[in-house]
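Spelled out, the chains give:
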Amino acid sequence: MGNGVALLKLLRQAPWSARFGLFVIFLYVFMAVFAPVLTPYAETEIVGAEYEPWGEEFMLGTDNLGRDMLTRLFYGARNTIGIAFITTCLAFLIGAVGGFLAAVLGGWMDQVLARIVDVVMAIPALIFALLILTVVGTSVPALILVIAVLDSTRVFRLARAVAMNIVVMDFVEVARLRGEKLWWVIRKEVLPNALPPLVAEFGLRFCFVFLFLSALSFLGLGIQPPTADWGSMVRDNATLITFGDVTPLLPAGAIALLTVGVNFVVDWFLHKTSGLRDEQ
Amino acid sequence: MSNKSGSGAKTDILLEMRGLTIEGQADEQWHEIVHGIDIELRRGEVLGLIGESGAGKSTIGIAGMGYARPGCRIVGGSIVFDGIDLITASEETKRKLRGSRIAYVAQSAAASFNPAHKLIDQFTESPVQHGIKARIEAEADAKTLYRRLQLPDPDTIGYRYPHQVSGGQLQRAMTAMAMSCRPDLIVFDEPTTALDVTTQIEVLAAMKEVVRQFNTAAIYITHDLAVVAQMADRIMVLRHGHLVEEGRAHEIMARPKEDYTRQLIAVRTFRKESEGQNDAELPILKVENLSASYGGSGGLIVLKNIDFEIRRARTVAVVGESGSGKSTLARAITGLLPPLQGRVLYKGEELPPALARRGLDQLRRLQMIYQMPDTALNPRQRVRDIIGRPLGFYLGLKGAKQEGRIKELLEMIELEPKEFINRFPGELSGGQKQRICIARALAAEPELIICDEVTSALDQLVAEEILKLLQRLQDELHVSYMFITHDLATVKAIADEIVVMLQGEIVEQGAKQEILTPPHHAYTELLLSSVPEMDSGWLDSVLEKRKAIAAT
Numbered sequence: 001m002g003n004g005v006a007l008l009k010l011l012r013q014a015p016w017s018a019r020f021g022l023f024v025i026f027l028y029v030f031m032a033v034f035a036p037v038l039t040p041y042a043e044t045e046i047v048g049a050e051y052e053p054w055g056e057e058f059m060l061g062t063d064n065l066g067r068d069m070l071t072r073l074f075y076g077a078r079n080t081i082g083i084a085f086i087t088t089c090l091a092f093l094i095g096a097v098g099g100f101l102a103a104v105l106g107g108w109m110d111q112v113l114a115r116i117v118d119v120v121m122a123i124p125a126l127i128f129a130l131l132i133l134t135v136v137g138t139s140v141p142a143l144i145l146v147i148a149v150l151d152s153t154r155v156f157r158l159a160r161a162v163a164m165n166i167v168v169m170d171f172v173e174v175a176r177l178r179g180e181k182l183w184w185v186i187r188k189e190v191l192p193n194a195l196p197p198l199v200a201e202f203g204l205r206f207c208f209v210f211l212f213l214s215a216l217s218f219l220g221l222g223i224q225p226p227t228a229d230w231g232s233m234v235r236d237n238a239t240l241i242t243f244g245d246v247t248p249l250l251p252a253g254a255i256a257l258l259t260v261g262v263n264f265v266v267d268w269f270l271h272k273t274s275g276l277r278d279e280q
Numbered sequence: 001m002s003n004k005s006g007s008g009a010k011t012d013i014l015l016e017m018r019g020l021t022i023e024g025q026a027d028e029q030w031h032e033i034v035h036g037i038d039i040e041l042r043r044g045e046v047l048g049l050i051g052e053s054g055a056g057k058s059t060i061g062i063a064g065m066g067y068a069r070p071g072c073r074i075v076g077g078s079i080v081f082d083g084i085d086l087i088t089a090s091e092e093t094k095r096k097l098r099g100s101r102i103a104y105v106a107q108s109a110a111a112s113f114n115p116a117h118k119l120i121d122q123f124t125e126s127p128v129q130h131g132i133k134a135r136i137e138a139e140a141d142a143k144t145l146y147r148r149l150q151l152p153d154p155d156t157i158g159y160r161y162p163h164q165v166s167g168g169q170l171q172r173a174m175t176a177m178a179m180s181c182r183p184d185l186i187v188f189d190e191p192t193t194a195l196d197v198t199t200q201i202e203v204l205a206a207m208k209e210v211v212r213q214f215n216t217a218a219i220y221i222t223h224d225l226a227v228v229a230q231m232a233d234r235i236m237v238l239r240h241g242h243l244v245e246e247g248r249a250h251e252i253m254a255r256p257k258e259d260y261t262r263q264l265i266a267v268r269t270f271r272k273e274s275e276g277q278n279d280a281e282l283p284i285l286k287v288e289n290l291s292a293s294y295g296g297s298g299g300l301i302v303l304k305n306i307d308f309e310i311r312r313a314r315t316v317a318v319v320g321e322s323g324s325g326k327s328t329l330a331r332a333i334t335g336l337l338p339p340l341q342g343r344v345l346y347k348g349e350e351l352p353p354a355l356a357r358r359g360l361d362q363l364r365r366l367q368m369i370y371q372m373p374d375t376a377l378n379p380r381q382r383v384r385d386i387i388g389r390p391l392g393f394y395l396g397l398k399g400a401k402q403e404g405r406i407k408e409l410l411e412m413i414e415l416e417p418k419e420f421i422n423r424f425p426g427e428l429s430g431g432q433k434q435r436i437c438i439a440r441a442l443a444a445e446p447e448l449i450i451c452d453e454v455t456s457a458l459d460q461l462v463a464e465e466i467l468k469l470l471q472r473l474q475d476e477l478h479v480s481y482m483f484i485t486h487d488l489a490t491v492k493a494i495a496d497e498i499v500v501m502l503q504g505e506i507v508e509q510g511a512k513q514e515i516l517t518p519p520h521h522a523y524t525e526l527l528l529s530s531v532p533e534m535d536s537g538w539l540d541s542v543l544e545k546r547k548a549i550a551a552t
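In order, the protein sequences belong to chains A and B. For the first sequence, my numbering begins at 1 and goes up steadily by one. For the second sequence, my numbering begins at 1 and goes up steadily by one.
Everything labelled a hint here was simulated from the structure, so no lab data went into it. There is no bait here: all hints are sound.
Simulated coverage check for chain B against chain A, where a stretch passes if three residues somewhere in it have a Cβ under 8 Å from a Cβ of chain A:
1) 352-362
2) 366-374
Some chain A residues flagged as far from chain B (calculated, every beta-carbon gap over 10 Å):
3) F34
4) A161
5) V199
6) D245
7) N263
8) F269
Model, not experiment: these values are computed from the prediction. Cβ coordinates follow ideal geometry from the N, Cα and C atoms, glycine included.
Model the full assembly from the supplied sequences, consistent with the hints where possible.
Take a look at the structure:
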């Protein structure tokens with residue numbers, strides 16, 4: 001239906017910042033998907049001496065165990081971005097459904113959900129996460145679930161606030177009078193109108209989850225070795241900084257670049273949708 | 001009104017706009033919205049600007065203050081106020097004029113007052129700021145003006161906050177505020193549009209009085225010709241940023257030259273021929289001894305012992321001012337607000353009080369149309385989905401059959417199917433949106449449609465089209481309407497029976513002829529006599545009559 005053409009047209013009109021952001025995101029996704037093809041070595045393979053400098057054989061040198069830095073950067077993209085993405089999706093699923101339910105049903109449902117969220121939000125997220133992860137262990141599913149639940153509280157807040165403004169509209173009352181089921185009202189009447197702020201928030205949340213994950217890894221409770229991950233890569237090689245070597249900053253830079261890129265795209269998207277216009 | 005104040009030594013012309021051209025911004029482009037309008041206003045003269053929405057009347061009125069709203073810009077012409085060219089004047093000069101020599105009264109007084117300050121504090125702000133009066137003098141002056149505007153408790157009302165007084169009182173307090181520096185010119189921008197008819201008449205009378213007393217010139221902007229006929233000495237009829245016709249108020253009313261003006265005057269002359277009712281048939285809807293409250297049995301009672309019925313293919317108008325409980329009645333009937341006591345019978349069968357307990361077929365037969373078509377349509381759904389959903393939901397129509405029915409419905413509401421079926425609500429005008437709402441209600445093939453103030457958000461000409469459409473649909477499909485409105489002109493046009501409500505109770509009910517012919521119930525009389533008529537002497541004669549009654 002010409003959607004592809006419209007998308008292309010939209011991209012051509014996008015400001016440079018948004019294009020740059022999209023480029024960064026595509027680059028990272030490409031790296032993540034084709035990591036095995038693009039890298040000279042295997043993810044956990046020890047290929048040389050420890051802390052080898054940049055050179056012909058190891059473009060970005062080796063790490064504290066003698067694994068190729070470049071290879072691990074690529075695989076790190078795959079692991080960290082993948083996990084962060086799944087976590088954010090899950091957080092949005094939980095948070096948005098909860099928020100919409102609270103707004104549409106109101107009454108005791110709203111009270112119960114909102115108070116639970118208040119309690120969870122009252123505890124600093126990082127400390128709470130550390131606490132739970134030390135109890136349940138640091139497997140990848142546990143990591144995803146814990147961060148998703150903690151993060152869904154913020155999504156809940158936003159989704160509820162946005163939906164509150166929508167459920168008072170007459171068209172929602174029309175749907176109720178028609179006898180529509182709860183799920184239909186949420187999916188067809190509330191969700192499409194709540195989407196722009198939620199998508200914008202998705203971008204930001206993704207960055208926060210990403211940083212949170214890296215922070216946990218840095219503290220040793222995130223993605224566990226030998227799996228490559230940018231957060232733990234910074235920690236493991238941090239000693240190099242004292243020798244004036246920038247290698248440990250590369251994964252940190254990769255994190256920063258992605259965050260900036262995502263935010264550029266989110267800004268552009270918010271600007272586009274703020275006018276509630278639909279390109280034909 | 002006889003304002004012959006042109007004999008002074010000062011120049012007679014207070015405000016002169018020549019070739020005024022204003023552009024507005026839409027879709028990041030500038031479009032001309034006012035095309036070279038000439039306006040002359042003498043001292044003490046009241047000029048009425050009238051037209052439907054988009055006519056540019058507010059834009060022109062505000063330009064009289066040398067101001068363009070955000071998204072608008074003045075691109076051509078001259079605006080001269082008492083010898084000062086407002087286009088070339090500095091911001092500083094204009095700021096000194098505004099509030100002291102030119103004042104503005106907005107449509108929504110509630111939105112224009114700062115809710116955090118007392119009325120009198122907001123009154124004294126501009127005279128003190130402009131250095132015209134000291135605070136104490138200004139306060140005394142406020143009380144005088146409040147008294148002149150016939151506000152209750154003029155000595156103390158100023159010490160209340162905006163939310164503590166009624167809408168009509170607030171509008172008069174706003175007029176007092178505009179008068180605080182005894183300006184030469186006041187711009188009234190639809191000051192009574194948001195008010196009930198009974199309140200409107202008080203506000204109009206007060207404004208007219210005070211403008212006459214202080215010999216203030218005024219630009220009165222409205223879409224209601226009957227209202228402007230009461231206020232203005234001279235009327236300019238505008239359409240799409242062009243001048244249609246200009247002349248003395250009574251001349252325009254008596255001998256309009258242009259077709260468009262004639263249409264505006266003829267508005268509200270549409271009448272339904274009401275036939276006798278068929279008593280043998282069971283009423284479609286019967287409400288028995290219904291009471292309802294907000295906040296459970298201990299809460300505020302908003303409906304008391306309501307009894308009425310609606311028969312097939314009939315229109316029952318429920319009339320009352322805001323707060324009379326007429327919309328709550330609709331909520332109780334539809335099940336959105338389960339009543340405290342009483343029953344709602346549908347063709348003799350009792351409807352479950354709560355919405356969730358009603359069956360699909362019970363829901364289908366009773367549809368609703370809302371006041372604000374903007375919020376009654378989901379902005380993210382296309383016309384196809386909006387009308388298609390009830391077809392699929394109630395009648396199980398799918399695919400080509402559904403598509404065919406949507407097109408039929410669009411034709412029924414006089415919109416070209418091919419052109420409109422894929423549009424979003426944002427791409428429709430107000431009248432078109434309301435038509436889509438009607439089509440959505442019709443799609444369910446209902447027997448009763450509750451119309452909640454369906455025409456009050458629309459321009460008069462558009463509203464009349466909608467009324468005619470509803471009437472035609474009733475003739476063809478034999479649906480019944482419960483027509484909730486505060487506008488008696490609408491009632492006269494479309495109703496078979498009338499239910500008059502006051503503070504949650506039915507004051508009077510019966511066939512239209514019965515209710516509209518005297519003797520009336522006192523409240524019905526008040527409502528009826530408050531509807532402005534297309535006659536420039538109407539306001540004065542009504543006020544005199546009321547005074548005479550009060551004196552006896």
